[in-house]
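Chemist: Sequences and hints are given; from them, build the entire structure.
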Amino acid sequence: MIIEKPKIKVENLDLYYGSFQALKKVTISIEEKKITSIIGPSGCGKSTLLRVFNRMNDLVEGIRIEGLVEIDGENIYAKDTNMVALRKKVGMVFQRPNPFPLSIYDNVIYGPRVHGERNRKKLDEIVEKSLRAVLLFDELKDKLDRSALSLSLESQQRLCISRLLAVQPDVILLDEPCSALDPMATLKIEELLQVLKNDYTILIVTHNMQQAARASDNTFYMLLGEMIEYGPTEQVFTNPKDKRTEDYITGRFG
Amino acid sequence: MRDSRRYERVAFGVMAAATGIIIAPVLIILFIVLWYGVPGLSLEFLTAMPRDGMRAGGIFPAIVGTLVLTIGTAIFSIPLGILAAIYLNEYAGKNWMTRLVEISIINLAGIPSIVYGLFGLGLFVTFLGFGASILAGSLTLAIMTLPVIITATREALSSVPQQFREVSFSLGASRWQTVRGVVLPNAIPGILTGTILGLSRAAGETAPILFTVAAFYLPRLPESVFDQVMALPYHIYVLSTQVPNVSMKIQYSTVLVLVGMVFIMNIIAAYIRSKFRKRKTW
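Those sequence lines, one after another, are chains A and B.
Mapped onto my numbering, the consecutive letters of the first sequence carry residue numbers 1 to 254.
Mapped onto my numbering, the consecutive letters of the second sequence carry residue numbers 1 to 282.
Hints were generated in silico from the structure; no laboratory data involved.
Take these hints with a grain of salt, some might be off.
Here are the in silico distance ranges between beta carbons for each label pair [stated by the list, open to error]: (1) A:G116 to B:V101: 31 to 37 angstroms; (2) B:W176 to A:Q21: 29 to 35 angstroms; (3) B:S159 to A:M1: 43 to 49 angstroms; (4) B:I106 to A:K121: 47 to 53 angstroms; (5) A:P183 to B:F263: 53 to 59 angstroms.
The list that follows gives simulated cross-link-like pairs (lysine-lysine, BS3-like), each with its CA atoms no further than 27 angstroms apart [as the list claims (entries may be wrong)]: (6) A:K25 to A:K241; (7) A:K89 to A:K33; (8) A:K89 to A:K79; (9) B:K94 to A:K79; (10) A:K143 to B:K275; (11) A:K188 to A:K129.
No residue lacks a Cβ here, since even glycine has one placed at the ideal position from N, Cα and C.
Modeler: This is the structure:
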């Protein structure tokens with residue numbers, strides 16, 4: 001698939017955990033302000049690929065990366081990459097809702113505070129804006145000092161997304177963000193993603209194929225660390241070019 | 001069928017008995033110490049200087065000495081232990097160097113306390129010239145307490161979910177910001193508990209202070225860190241073996257005061273632990 005002016009460009013990416021090769025010559029371009037889903041069976045390397053974009057893999061010992069990864073034309077694996085700036089720009093939502101055991105307010109301002117914002121008024125504004133963006137503000141505006149852990153799982157996941165929006169990212173990585181949620185909550189988070197894509201480039205890893213089909217513009221199918229197929233979601237699901245993609249999406253395995 | 005049931009009943013019986021035997025010494029010690037010790041307790045006993053060759057009067061200087069030594073131990077061991085644990089747990093990679101440090105800590109914990117006493121005598125009292133002093137005694141006790149604090153702190157740090165660190169990093173926080181913002185606040189109850197337990201052990205130790213600080217008889221309060229002090233554990237040893245004709249009452253009351261101090265510290269530790277365990281929700 002050819003994309004003009006991609007937000008993210010990956011070329012010939014190899015990634016090794018020790019001697020195990022988790023990603024093999026992955027090449028992919030991600031469209032700006034679109035939702036791109038990464039699908040594939042467990043262990044195919046989709047989460048690993050996602051963690052390439054904010055360099056969370058760096059925390060794993062014995063990891064080695066070769067190839068090119070560019071965001072906005074900048075090589076994020078260059079020697080002089082500013083990790084703080086990169087992670088501000090590329091935020092991540094995790095599998096399980098994981099608010100800190102702090103108040104709702106303190107969760108949202110964790111990022112801004114880390115980046116030096118001390119002005120109470122500004123922080124208040126950030127909290128309001130970030131919670132509004134995930135449609136939680138009206139419900140929570142009088143309960144901001146309550147523990148984040150008192151919220152429902154869905155609200156917790158929304159809060160995690162707003163905690164991320166508070167640092168004003170460009171790209172949002174979601175690593176199976178709905179796997180701990182029930183179907184109704186899942187649907188609501190997906191609706192939220194549709195709103196967010198107006199402002200953010202979104203990558204979502206999922207092993208829920210209906211979710212990929214429903215919620216994403218482009219779909220990337222991986223198997224054993226390799227790219228099998230990449231294209232507009234509709235085409236990948238209705239008219240896959242590769243036999244292996246067809247086997248997977250029709251439920252023959254996975 | 002009936003045989004296996006009977007076998008099980010016997011096995012449970014033996015286990016229950018073993019559990020009971022564990023409680024017995026604690027109860028017996030507490031009972032005897034309270035029984036013989038309480039009658040001798042009085043405000044005067046707690047606040048007066050010893051008189052008549054320690055056969056009468058109070059144990060005030062020994063109480064003060066033990067408090068001072070415990071505080072001194074805390075001052076040296078808590079920052080060092082917690083910083084070392086943070087480094088080992090949050091920063092250090094897994095290499096031969098950290099492995100070596102870990103092995104050292106484990107071995108440090110296994111060294112008999114009298115060896116610490118002799119080590120303190122050699123290093124602090126003689127070589128560094130601190131003399132038998134609060135400084136030398138506190139440092140010796142601190143080294144002895146370090147492994148406990150480091151181990152407890154590392155356990156508390158490890159119990160903070162890795163997820164919290166990942167989230168913090170993913171929001172652009174540095175390692176130190178992550179430690180300070182997320183890891184430490186959630187580990188502090190565990191750190192406090194372990195630290196207090198370590199200190200309470202130090203408060204009751206005799207051998208490490210024997211050559212480094214403890215005074216046989218010093219009926220005045222210390223004026224500087226280079227002074228010697230009396231201390232409760234050593235005072236008990238002195239009363240029971242070195243001074244003839246000390247009344248049982250005074251001996252038991254002194255023991256009661258030491259046990260009481262250690263007990264209070266342990267209760268505080270247990271309270272902190274249970275209070276925060278309830279709040280913990282992950």
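Chemist: Decide, hint by hint, whether the structure agrees.
Modeler: To see whether the hints hold, each was checked on the structure:
Between G116 (chain A) and V101 (chain B) the Cβ separation comes to about 34 angstroms, which falls inside the hinted range of 31 to 37 angstroms. Separation of W176 (chain B) from Q21 (chain A) is about 34 angstroms and conforms to the stated range, judged on CB atoms against 29 to 35 angstroms. Taken as a hint, the range 43 to 49 angstroms holds for the pair S159 (chain B) and M1 (chain A), whose Cβ atoms sit roughly 46 angstroms apart. Take I106 (chain B) and K121 (chain A): their Cβ atoms lie about 52 angstroms apart, and the range 47 to 53 angstroms holds.
Between P183 (chain A) and F263 (chain B) the Cβ separation comes to about 55 angstroms, which falls inside the hinted range of 53 to 59 angstroms. Pair hint K25 (chain A) plus K241 (chain A) holds up; C-alpha atoms about 19 angstroms apart against a cutoff of 27 angstroms. Our distance criterion of 27 angstroms between C-alpha atoms is met by K89 (chain A) and K33 (chain A), whose separation comes to about 14 angstroms. Our distance criterion of 27 angstroms between C-alpha atoms is met by K89 (chain A) and K79 (chain A), whose separation comes to about 18 angstroms.
The suggested pairing of K94 (chain B) with K79 (chain A) holds, with an alpha-carbon distance near 24 angstroms, which does not exceed 27 angstroms. Restraint check for K143 (chain A) and K275 (chain B): the C-alpha separation of about 24 angstroms stays at or below 27 angstroms, so the hint holds. Proposed proximity of K188 (chain A) and K129 (chain A) is supported: the alpha carbons are some 19 angstroms apart, at most 27 angstroms.
Against the hints set out earlier in the document, no violation occurs for any number.
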